[in-house]
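A.B. asks: The opening position of the sequence shown corresponds to residue 1 in our numbering, with each subsequent residue numbered one higher.
Hints are computed from structural coordinates only; laboratory data are not their basis. None of these values were measured; they are calculated from a predicted model. A portion of the hints provided could be inaccurate.
[Unchecked claim] Simulated crosslink set (DMTMM-like; lysine to aspartate or glutamate; CA at most 25 Å straight-line):
| id | residue 1 | residue 2 |
| --- | --- | --- |
| 1 | Lys60 | Asp88 |
| 2 | Lys235 | Glu124 |
| 3 | Lys110 | Glu58 |
| 4 | Lys294 | Glu124 |
| 5 | Lys263 | Glu126 |
| 6 | Lys8 | Asp34 |
| 7 | Lys60 | Glu156 |
| 8 | Lys25 | Asp100 |
| 9 | Lys287 | Asp276 |
| 10 | Lys70 | Asp108 |
| 11 | Lys74 | Asp228 |
| 12 | Lys114 | Glu56 |
| 13 | Lys151 | Glu124 |
| 14 | Lys12 | Asp84 |
| 15 | Lys60 | Asp100 |
| 16 | Lys70 | Asp50 |
| 17 | Lys8 | Glu21 |
| 18 | Lys167 | Asp141 |
| 19 | Lys70 | Glu49 |
| 20 | Lys277 | Glu47 |
| 21 | Lys184 | Asp137 |
| 22 | Lys12 | Glu49 |
| 23 | Lys60 | Asp50 |
| 24 | Lys263 | Glu285 |
| 25 | Lys151 | Asp100 |
| 26 | Lys10 | Glu58 |
| 27 | Lys307 | Glu124 |
| 28 | Lys2 | Asp276 |
| 29 | Lys74 | Asp50 |
| 30 | Lys74 | Glu56 |
| 31 | Lys301 | Glu124 |
| 32 | Lys114 | Asp84 |
[As the list claims (entries may be wrong)] Simulated DEER-style distance windows between Cβ atoms:
| id | residue 1 | residue 2 | range |
| --- | --- | --- | --- |
| 33 | Tyr264 | Glu300 | 19 to 25 Å |
| 34 | Glu285 | Asp182 | 28 to 34 Å |
| 35 | Gly24 | Asn125 | 22 to 28 Å |
Where is the CB? At the ideal position from N, CA and C, for every residue including glycine.
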Amino acid sequence: MKLINETKVKQKFQPDPFILEANGKFYIYCTSTDGVQAYRSTSLIGEYEDIGKVLEIENKKHFWAPSVIKTNGKYYMYVSCMNDNEKDVHLQTMYVASADSPTGPFSDAKPLIKPFAIDSHVVENESGLYIFYSTNDYTGDRIGTYICVDKMTDPEHVSGNPVPVVKPTLDEEIFMKNRFGDGKDWHTLEGAFYFKEGDYQYVIYSGNCYTSPYYYLGYAVAKTHETDLTKIKFKKYPSENIYAPLIARNEFEEGTGHNSVIKYNGEYYVVYHGRDKGVVEANGEDKRTARICKLIVDGEKLIAIRKENSL
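Please build the complete structure, drawing on both the sequences and the hints.
C.D. replies: Given below as structure tokens:
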């Protein structure tokens, strides 16, 4: 179901929604061209208000897939963007900015990871801080964008030793055939979100592109109590060679992907973007909106319970 009533907000579309609970309120941060767009509600399933841009950086554009974490009493936002005068999206650089409030304004933005680096999720456990993000691999049979994880030395610095988490293995993950004219097809895995429950650790991710009929949310899982997230060997569920979406297009929505997960009152929910089935994105207009559904967590198995107008 849609999470935000588009008739009651100025910014009607919410690509790449990231949900955060803080101080008894819920915040959604989204991709936008000229800054990071945010929304706020007093309840998970309630009326979200448009609170505008909470981060802007001079001479930057295409602010993709923000994520936020609170640590050491401050809020840190991680988002990729690029210079106004650039056209190649592979120049997307990961930035970090900080604020005293989840509503920002986030400031003191500085580069964190060199291009190409997008779609962050920063998590903290007893071993420290870790950042999941997507970058490019031009080697091997299935070249393209994949998901990696790096340990952080503090909220504003990475160790610089990323390791792969999930890599392309399926034809359904092909973003574009023969993309650079060298006969190799380009694959895309992005939008990682990590969480842990019981004996299992999970990474939910997006495969392909939101304009593709094969675009989907899948996940990788590991049964382990290892706390160093760079040492965990995640495996796609149910296997590396089976296309088995957790969420994909259905009878009422399509373009479904890029999730974040929240546990509220003992239950899990997936927040993701999608568009109504059959909606035409004319003139390049992006009509993805934030959506939510229940997530059943049962050992290595995750099940998304999707309904059009309710939970």
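A.B. asks: For every hint, state whether the structure bears it out.
C.D. replies: Results of checking the hints against the structure:
With a C-alpha separation of about 13 Å, the suggested pair lysine 60 and aspartate 88 falls inside the 25 Å cut-off, and the hint holds. At most 25 Å may separate the alpha-carbon atoms for a hinted pair to count; lysine 235 and glutamate 124 meet this at roughly 21 Å. A C-alpha spacing of about 12 Å is found between lysine 110 and glutamate 58, which places the hinted pair at or below 25 Å, so the restraint holds. Distance check on the hinted pair: lysine 294 and glutamate 124 sit about 24 Å apart at the alpha-carbon level, within 25 Å; holds.
A distance of roughly 19 Å separates the Cα atoms of lysine 263 and glutamate 126; the hinted pair therefore holds under the 25 Å criterion. Taken as a hint, the lysine 8 and aspartate 34 pair is honoured in the structure, with Cα atoms around 21 Å apart against an allowance of 25 Å. Pair hint lysine 60 plus glutamate 156 holds up; C-alpha atoms about 19 Å apart against a cutoff of 25 Å. Of the pairs offered as hints, the one joining lysine 25 and aspartate 100 holds, with about 15 Å between alpha carbons and a cut-off of 25 Å not exceeded.
A hinted pair counts as satisfied when its Cα atoms are at most 25 Å apart, and lysine 287 with aspartate 276 qualifies at roughly 9 Å. With a C-alpha separation of about 16 Å, the suggested pair lysine 70 and aspartate 108 falls inside the 25 Å cut-off, and the hint holds. Note on lysine 74 and aspartate 228: the hinted pairing holds, with a Cα-Cα distance of about 23 Å set against a maximum of 25 Å. Only pairs whose Cα atoms come within 25 Å are accepted, and lysine 114 paired with glutamate 56 is accepted, the gap being roughly 19 Å.
Between the alpha carbons of lysine 151 and glutamate 124 the distance comes to roughly 10 Å, so the proposed pair stays at or under 25 Å and holds. Of the pairs offered as hints, the one joining lysine 12 and aspartate 84 holds, with about 24 Å between alpha carbons and a cut-off of 25 Å not exceeded. For the hint pairing lysine 60 with aspartate 100, the CA-to-CA distance comes to about 23 Å; that is within 25 Å, so the pair holds. About 21 Å separates the Cα atoms of lysine 70 and aspartate 50, which keeps this hinted pair within 25 Å; it holds.
Straight-line distance between C-alpha atoms of lysine 8 and glutamate 21 comes to about 21 Å, which keeps the hinted pair within the 25 Å bound. For the suggested pair lysine 167 and aspartate 141, the alpha carbons sit about 11 Å apart, so the restraint of at most 25 Å is met. A distance of roughly 22 Å separates the Cα atoms of lysine 70 and glutamate 49; the hinted pair therefore holds under the 25 Å criterion. The hinted pair formed by lysine 277 and glutamate 47 meets the criterion: a straight-line CA distance of about 23 Å does not exceed 25 Å.
For the hint pairing lysine 184 with aspartate 137, the CA-to-CA distance comes to about 12 Å; that is within 25 Å, so the pair holds. As the CA atoms of lysine 12 and glutamate 49 are separated by approximately 11 Å, the hinted pair is consistent with the 25 Å bound. Proximity of lysine 60 to aspartate 50 is assessed by CA-CA distance (about 22 Å); at most 25 Å being required, the pair is judged to hold. A threshold of 25 Å between alpha carbons decides the hint, and for lysine 263 with glutamate 285 the separation of about 32 Å lies outside it, so the pair is violated.
Between lysine 151 and aspartate 100, the direct Cα distance comes to roughly 24 Å. Compliance with the 25 Å bound is thereby established for this hinted pair. For the given pair, lysine 10 sits about 23 Å from glutamate 58 by alpha-carbon distance, which is consistent with the 25 Å threshold. Proximity of lysine 307 to glutamate 124 is assessed by CA-CA distance (about 32 Å); at most 25 Å being required, the pair is judged violated. Between lysine 2 and aspartate 276 the CA atoms are separated by roughly 10 Å; this keeps the pair inside 25 Å, and the hint holds.
The straight-line distance between the Cα atoms of lysine 74 and aspartate 50 is roughly 22 Å, inside the 25 Å bound, and the hint therefore holds. As the CA atoms of lysine 74 and glutamate 56 are separated by approximately 18 Å, the hinted pair is consistent with the 25 Å bound. For the suggested pair lysine 301 and glutamate 124, the alpha carbons sit about 24 Å apart, so the restraint of at most 25 Å is met. Taking the CA atoms of lysine 114 and aspartate 84, the gap is about 17 Å. The hint holds against a cut of 25 Å.
Take tyrosine 264 and glutamate 300: their Cβ atoms lie about 23 Å apart, and the range 19 to 25 Å holds. Distance hint for glutamate 285 and aspartate 182: a CB-CB separation of about 32 Å, consistent with the stated range 28 to 34 Å. At roughly 24 Å, the beta carbons of glycine 24 and asparagine 125 sit within the given window of 22 to 28 Å.
Hints 24, 27 from the earlier list are contradicted by this structure; the remaining hints agree with it.
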